[in-house]
Structure formats: structure tokens, C-alpha cells
Amino acid sequence: MNALVEFFRPHLLPLLYAVVIVAVLPLIAGYIVLLERKIMADMQARLGPMRVGPHGLLQPIADAVKLLIKEDIIPENADRWIFWLAPLLSVTAGMLALAAFPFGPAFQIADLNIGLLFILGISSMGIFGIVLGGWASNSHYSLLGALRSAAQLVSYETAAGMAVVGGLLLAGTLSTRRIVEMQAEQGTWFIFLAPIAFFTYLVASIAETNRAPFDLPEAESELVAGYMTEYSGFRWALYFLAEYTNMVVVASVATTLFLGGWLRPFPGTTWLNFLDYTPPLLMLLLAGYCFYRTPRQPVKVQQGFLAAVGLLCLLLAVILALPLLPLAVGGIEAQSLRPAIHGGFWFLFKVFAYMYVFMWLRFTFPRYRFDQLMKLGWHFLIPVSIVNVMGIGVALVLDREAGWPLWQALVLTTLLTLAVAAYLAVVGERKDSAAVGGAERSA
Amino acid sequence: MVPTSHYLFLSLALFTIGVVGVVTRRNVIIILMSIELILNAVNINLVAFAHLWKQVSGQVFAIFIITDAAAEAAVGLGIIIAFFRNRETVLADEMDLLKW
Amino acid sequence: MLDLILFYFFATLAIVSAVLVVTRRNAVHSAIFLITALLATAGIFLQLQAEFVFIVQIILYVGGIMVLFVFVIMLVNLDVTLRQMQFNRGWLVGLVLAVALGAQLAYALFLGRNVQLTGPAGGELSAQNTEQVGQVLFQNYLLPFEIASILLLVAMIGAVVMAKKRI
Numbered sequence: 001m002n003a004l005v006e007f008f009r010p011h012l013l014p015l016l017y018a019v020v021i022v023a024v025l026p027l028i029a030g031y032i033v034l035l036e037r038k039i040m041a042d043m044q045a046r047l048g049p050m051r052v053g054p055h056g057l058l059q060p061i062a063d064a065v066k067l068l069i070k071e072d073i074i075p076e077n078a079d080r081w082i083f084w085l086a087p088l089l090s091v092t093a094g095m096l097a098l099a100a101f102p103f104g105p106a107f108q109i110a111d112l113n114i115g116l117l118f119i120l121g122i123s124s125m126g127i128f129g130i131v132l133g134g135w136a137s138n139s140h141y142s143l144l145g146a147l148r149s150a151a152q153l154v155s156y157e158t159a160a161g162m163a164v165v166g167g168l169l170l171a172g173t174l175s176t177r178r179i180v181e182m183q184a185e186q187g188t189w190f191i192f193l194a195p196i197a198f199f200t201y202l203v204a205s206i207a208e209t210n211r212a213p214f215d216l217p218e219a220e221s222e223l224v225a226g227y228m229t230e231y232s233g234f235r236w237a238l239y240f241l242a243e244y245t246n247m248v249v250v251a252s253v254a255t256t257l258f259l260g261g262w263l264r265p266f267p268g269t270t271w272l273n274f275l276d277y278t279p280p281l282l283m284l285l286l287a288g289y290c291f292y293r294t295p296r297q298p299v300k301v302q303q304g305f306l307a308a309v310g311l312l313c314l315l316l317a318v319i320l321a322l323p324l325l326p327l328a329v330g331g332i333e334a335q336s337l338r339p340a341i342h343g344g345f346w347f348l349f350k351v352f353a354y355m356y357v358f359m360w361l362r363f364t365f366p367r368y369r370f371d372q373l374m375k376l377g378w379h380f381l382i383p384v385s386i387v388n389v390m391g392i393g394v395a396l397v398l399d400r401e402a403g404w405p406l407w408q409a410l411v412l413t414t415l416l417t418l419a420v421a422a423y424l425a426v427v428g429e430r431k432d433s434a435a436v437g438g439a440e441r442s443a
Numbered sequence: 001m002v003p004t005s006h007y008l009f010l011s012l013a014l015f016t017i018g019v020v021g022v023v024t025r026r027n028v029i030i031i032l033m034s035i036e037l038i039l040n041a042v043n044i045n046l047v048a049f050a051h052l053w054k055q056v057s058g059q060v061f062a063i064f065i066i067t068d069a070a071a072e073a074a075v076g077l078g079i080i081i082a083f084f085r086n087r088e089t090v091l092a093d094e095m096d097l098l099k100w
Numbered sequence: 001m002l003d004l005i006l007f008y009f010f011a012t013l014a015i016v017s018a019v020l021v022v023t024r025r026n027a028v029h030s031a032i033f034l035i036t037a038l039l040a041t042a043g044i045f046l047q048l049q050a051e052f053v054f055i056v057q058i059i060l061y062v063g064g065i066m067v068l069f070v071f072v073i074m075l076v077n078l079d080v081t082l083r084q085m086q087f088n089r090g091w092l093v094g095l096v097l098a099v100a101l102g103a104q105l106a107y108a109l110f111l112g113r114n115v116q117l118t119g120p121a122g123g124e125l126s127a128q129n130t131e132q133v134g135q136v137l138f139q140n141y142l143l144p145f146e147i148a149s150i151l152l153l154v155a156m157i158g159a160v161v162m163a164k165k166r167i
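As they're listed, the protein sequences go chains A, B and C.
The first sequence: position 193 = 193 (the working numbering), numbered continuously.
The second sequence: position 99 = 99 (the working numbering), numbered continuously.
The third sequence: position 6 = 6 (the working numbering), numbered continuously.
I should point out that these hints are in silico values taken from the structure, not numbers from a laboratory.
The beta carbon of each residue, even a glycine, is placed where N, CA and C say it ideally should be.
Be aware that one or more of the hints could be misleading.
As the list claims (entries may be wrong) - DSBU-like, lysine-lysine: derived pairs with alpha carbons at most 30 angstroms apart: (1) Lys165(C) x Lys431(A); (2) Lys375(A) x Lys165(C); (3) Lys54(B) x Lys164(C); (4) Lys375(A) x Lys164(C); (5) Lys165(C) x Lys99(B); (6) Lys165(C) x Lys70(A).
Said to hold, decoys possible - Residues of chain C clear of chain A, computed beta-carbon distances all greater than 12 angstroms: (7) Gln57; (8) Ala103; (9) Leu109; (10) Arg113; (11) Ala121; (12) Leu151.
Bound conformation, chain A alone (with noise of 0.2 angstroms):
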């Protein structure tokens, strides 16, 4: 029995961990998608939900039991079998590839020598879940959607592979744990070393994730739903938490290797070590815009409400300003505690900041057509990539044989890129409004 607790010991913690995300996840991705709402209100000078709960904010609530309750329907001639495990196979992939992240530096489920790569690859197998929902569903439209879904994701996860390349080749591991602490070592994010690469990751994981403005698969004004069509309640919320799963996992792969996973801005400048100061600080700020605006809420209730937050907001500022105090609490440094809490804040803090990015394009651009989505992918991004892998790999060289600093062949690198995008750009349009100057002509 002793043997069998020492044999799971150092297996507990990871299982706690694990088993707090997945507990979590549902309920934030929820969030997530309330969050989106009011974003889009905000951009659309209006104010989203607001009835359901103060402000809105019971509306995942009353969304997932209204998913929950409602009647299951498979068509008539669908695969049973493969209806039931399509989007069984889509939540997987998406919540095993959260495995690899080190929500700072205390936080990890498993330090995988190869963590990045598991990540690409179980990210690959998400696209089952799409292929094969949408044969099941024995419909054209589902099937057409998956089908289109499939080749858009298939297309950009190479464009994204190339940029991740690019990003690996200055951290020199494959290890999310060690990626950040690279960053640490050379002092700065890989964003300011790497630019190219990142935006080219930036557009990549939206047309991954099938987000606005490359979501022709599954936009309602298309396709009905894509191969989400025939699936109601319960499965298609399962699907739905899916697609905002992966939003998290791609976020988070771009902090991992682009924004410096759980560090500082300019982790290494000393003068800026102000900043360490800035977590409790943002947290007091929110408070003081919760109490500010208390008085002038129109209702009791919501009153109430914003008084509420405003204490959470105090709580965690308290949470996040303890570290920083020169305490010691029953034999632990309060110091020592500082890059757990603090690490933890940054990363939750840059994964949020990109996928409201990823909400602002969504309010912003219209979508594109399938032919200019795979263009763009297989023409402008795929040669964009891998250039800019060669680029940054001749300038490593350069740094470690001829002496350059780094940051010298870097610049040289990410202007060259530049030129052959403009280039790509330019000809590309060219050939589009010769295609269309030529159709008028001939029409």
C-alpha cells in the first residue's frame, strides 16, 4: 500500500493540476464567449447582454442549461458511432494540448522535452473531430463545410508550423519550460527579436482556430453552420467549447515562444524593474473604476454588483501585492512565492490581451472567400515563412561564426522578409485584377 502512495507521489500534483483545468476550462470558455458578446457590443455602440444577472453576467449560465436540456437529434442516416465520437475527438485534442503550458513557472502538467511539437501535433488531430462530424451528419452542407474546414486548417497549420520554426530556432529547444527561460536569458521577449514570425503566427492561428475574418466554414450567411449544421445541444456545445478551447491553446502558444510566457516586459533592463510593481497596481486601478462608477449605477442590485467585483478586484490586488512585501509567513518567504503569483498573472494577462485581439478582427474585417483564403495561406504566408526561417537561421549563424550581435542580423533578417512580402503583395494583386480585368473582357 506504502509503495503503491510512493509509486503516485510525484504523479499527484500534475493530477491536480490537470484536473483543475479541466474542471475550469468549461466554465471560462463560457465566460470567454460572454466576454466576446460584450466586446462586440462595445465596438458596436451597444451594450450586449444585460438581463440575464447584473450586467449580463449569469448568461453562460442560462446558455448551458438551455444546451443541456435540450432534445438530442441525430439524422436519419447518420453514422451513429462516428455522430457520438466527432466532437469527443475535437475537445480531446484541444484539452490535451493544454497539457504542455507552463502557466508560469510552478504551473505544469507535464514538462515535455518535445512540448511545443506534442502541441502542433495533437492540434492536427483536432481536425478529425471536423472531418468526421461532418461526414456524419450525412448532409451537403455539413459535409462541404468540413470539408472546406479541413483544407483552410490543413493549408495555415504549415504556415504556422514555418513561423513556430522560426520562433524555435532562437529558443534552441523544444521545451515550453526552457523557451521561457531562454527569453529570460537573452532578456528580452522573442516578439522584438522575431516580429515576422509572430504576425505571421497571429494570422496563421486565426484561420486555425476558423475565427473571423477566415470563418466561411462555419458563418451562418454561408453554409448554414458548416459541419456543426446537424449537431444540437449538448454536442454542439461540446463543439463549441472545442473551437474556444483552441483559441486558448493557440494564445498560448504564442506566449509561450513570442511573448515571453510567465515574464515581466523587458524581463532583463534593470532600470524597468518598476514594473514588477505593475500587477497589484492595474488590480487597485480596476477596483478604484469599480467604486468610481458604484454610485452612479441606476439600480439597487447593480450597485450591489459593481461594489462586489470591485472587492474581487481589491482581493486580488491584495493577492498579487503580498509577494512584494518582505514577509515570512510559517517559514516561507513571501518573496520566494512572487514568481508563481506574479508569473501566473502575466500569462493569464497576454493570453487574454491576444484573443481580444483576436475579438477586435473579428468586429473589424469582413471575411474573406475561400479561393483568397487559400491564396493567401499557400501563396503570401507559406514563402513569407520560409524565408523569414532562413533569414533568422543565416543570422544565428552570422551571430555565432562572424561576430555579429544578434539583434544586428535579426533587423537585416525582418527587412529582407518584409521586401519579399511586399513583392508577394504587389504580384499578387497584380494577377488578381488581371484574372478579374480579364474575366470583364471576355464576359
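For this one, chain A is given, so just place chains B and C on it according to the hints.
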């Protein structure tokens, strides 16, 4: 420690099942899938010996085989699509244009 | 002890999935069982301390080749094939021959199961498997690597030409 012979027996079992699939089925796509099974069996064999002798060349060879399998699957499936467009069938028995 | 349990789990999964691959009537079901067989094989690779081959198997085989297979199965999906015979006329002969081949190899393996083969000396598997594979691949096997890339280029062109509607 799992003895290497266990891995070799597993590889043999997968190989035999793959051969049965190639020789017995009519659907050309399933024949291609059985060929993938055979290639996987060979991969297990190579990686088991790489583990036994602590050499990494077995793993490198396995990577080459996986790359080869990808190329072969792509071309094979292209041929199947081209044939299907002409003859509307994917059954190996019915692909008999060259028979006397 | 745990090694053996893991090995038997992956081995059973691989063999059962393989048998189901070659016996299903519906090609999509076969494809799904092939995916499980490939994942079990990847597990075996991981157990043999070959992490890079494990992840390459998942990215390329499961995430690439099997997606291609499922695409083609959906494109050539004929409901008619579901009602026809799925085994060809000479299935018994084929089965007997394949089993005979397997039995011969099994007998040879059984005779040699305790032989201590000594391979090339002085090898070692470092804990950084990816780095070691990369080093050996780009130092000792650079020419096969370049040939493999040309092979992939040829296969890509061939597949595009084959599947085009009008060349």
C-alpha cells in the same frame, strides 16, 4: 524492462495482419491502409533494435520510412481518384482493363 | 512491471485495431481504426524512448496521411460498395498463405528469442532525443535526407497531376 522479442512479435503480428488485408480485400483504399500497417510494423522493428543497441540510426531510418509512406499514400490516393473519375469504381476486382 | 502493463495495453490496442481495419465493411470505420492502431504504435515508440519518432508519427501519419485518406474516402464514397462483397474471390488462399508466412517468421523468432545479438558498440541514447536525432540526421545521413526531400517534391507534383481534372 520489456524484452526486445516482445516488440518483434508485435511487429510480426501487425505485419501478418497487414499482409492479410492486402491479399484479401477488394476495396483499394483498404488495401492501401493495410500497406500502412505493414510499414508501421517495420517501424516498430527498427525502433526496437535502436533501443536495444542504443543507436539512434534506427529511429532516423524510421523517420525516413514515415516520410516515404506519406509520399506513397499521396501518389496512391491520387491514382485512385483519377481511376474513380474514369471508371466509377474503387474495387480492385473491377480494375481489369488490361486483362485478356 | 509498469513497462509490461503499458506494453500489453498498447500491443493489444494495436492488434485489435489492425484486425478491425482489415475486416470492416465501411471504409471510414476502417480509417478510424487505423488511426487508433497508429496511435498505439506511437505509444510503443514512446515506450522505446524514441520521443521524436513518436511525435513525428502523430504529426505526419495521424495528422497528415490519415486526413488525406479520410478526404479521399469521402470523395469516392459509394453507398453501393457497402452492399457488395468485401473480400475477393481468392480470399481463403490468400489468408492461408499469409498465415503460413506469419507462422514461419514466428517460428524463426521463437527459435531465436533468447539469442543475445551484439550490435555496434559504443552507442548511447541521450536524454535529448530530438537533438541527437537531428545531429545524426544532418551529419551522417545528409544525402538520404536531401533525397527524401526531392522524393516528397516528386510525390507532390505527381499527386497534383494525377488528381487534376484537366492538365
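Quick rundown of the hints versus the structure:
Taking the CA atoms of Lys165(C) and Lys431(A), the gap is near 23 angstroms; set against the 30 angstroms cutoff, the hint holds. For the hint linking Lys375(A) to Lys165(C), the alpha-carbon distance of about 19 angstroms falls within 30 angstroms, and the restraint holds. Only pairs whose Cα atoms come within 30 angstroms are accepted, and Lys54(B) paired with Lys164(C) is rejected, the gap being roughly 46 angstroms. Distance restraint check for Lys375(A) and Lys164(C): the Cα-Cα separation of roughly 18 angstroms lies within the 30 angstroms cut-off, and the hinted pair is therefore satisfied.
Between the alpha carbons of Lys165(C) and Lys99(B) the distance comes to roughly 26 angstroms, so the proposed pair stays at or under 30 angstroms and holds. Restraint check for Lys165(C) and Lys70(A): the C-alpha separation of about 45 angstroms exceeds 30 angstroms, so the hint is violated. Not every CB of chain A is more than 12 angstroms from the CB of Gln57(C) (nearest about 9 angstroms), against its label as outside the interface. Annotated as non-interface, Ala103(C) keeps its C-beta farther than 12 angstroms from every C-beta of chain A; the closest such distance is 34 angstroms.
The claim that Leu109(C) lies off the interface holds: its Cβ sits roughly 32 angstroms from the closest Cβ of chain A, which is beyond the 12 angstroms cut-off. Every CB of chain A lies more than 12 angstroms from the CB of Arg113(C), the least distance being 30 angstroms, so the non-interface label holds. Distance check for Ala121(C) against chain A: the nearest CB is about 26 angstroms away, which clears 12 angstroms, and the non-interface claim stands. Every C-beta of chain A lies more than 12 angstroms from that of Leu151(C), the closest at about 18 angstroms, which supports listing it as non-interface.
Against the hints set out earlier in the document, violations occur for numbers 3, 6, 7.
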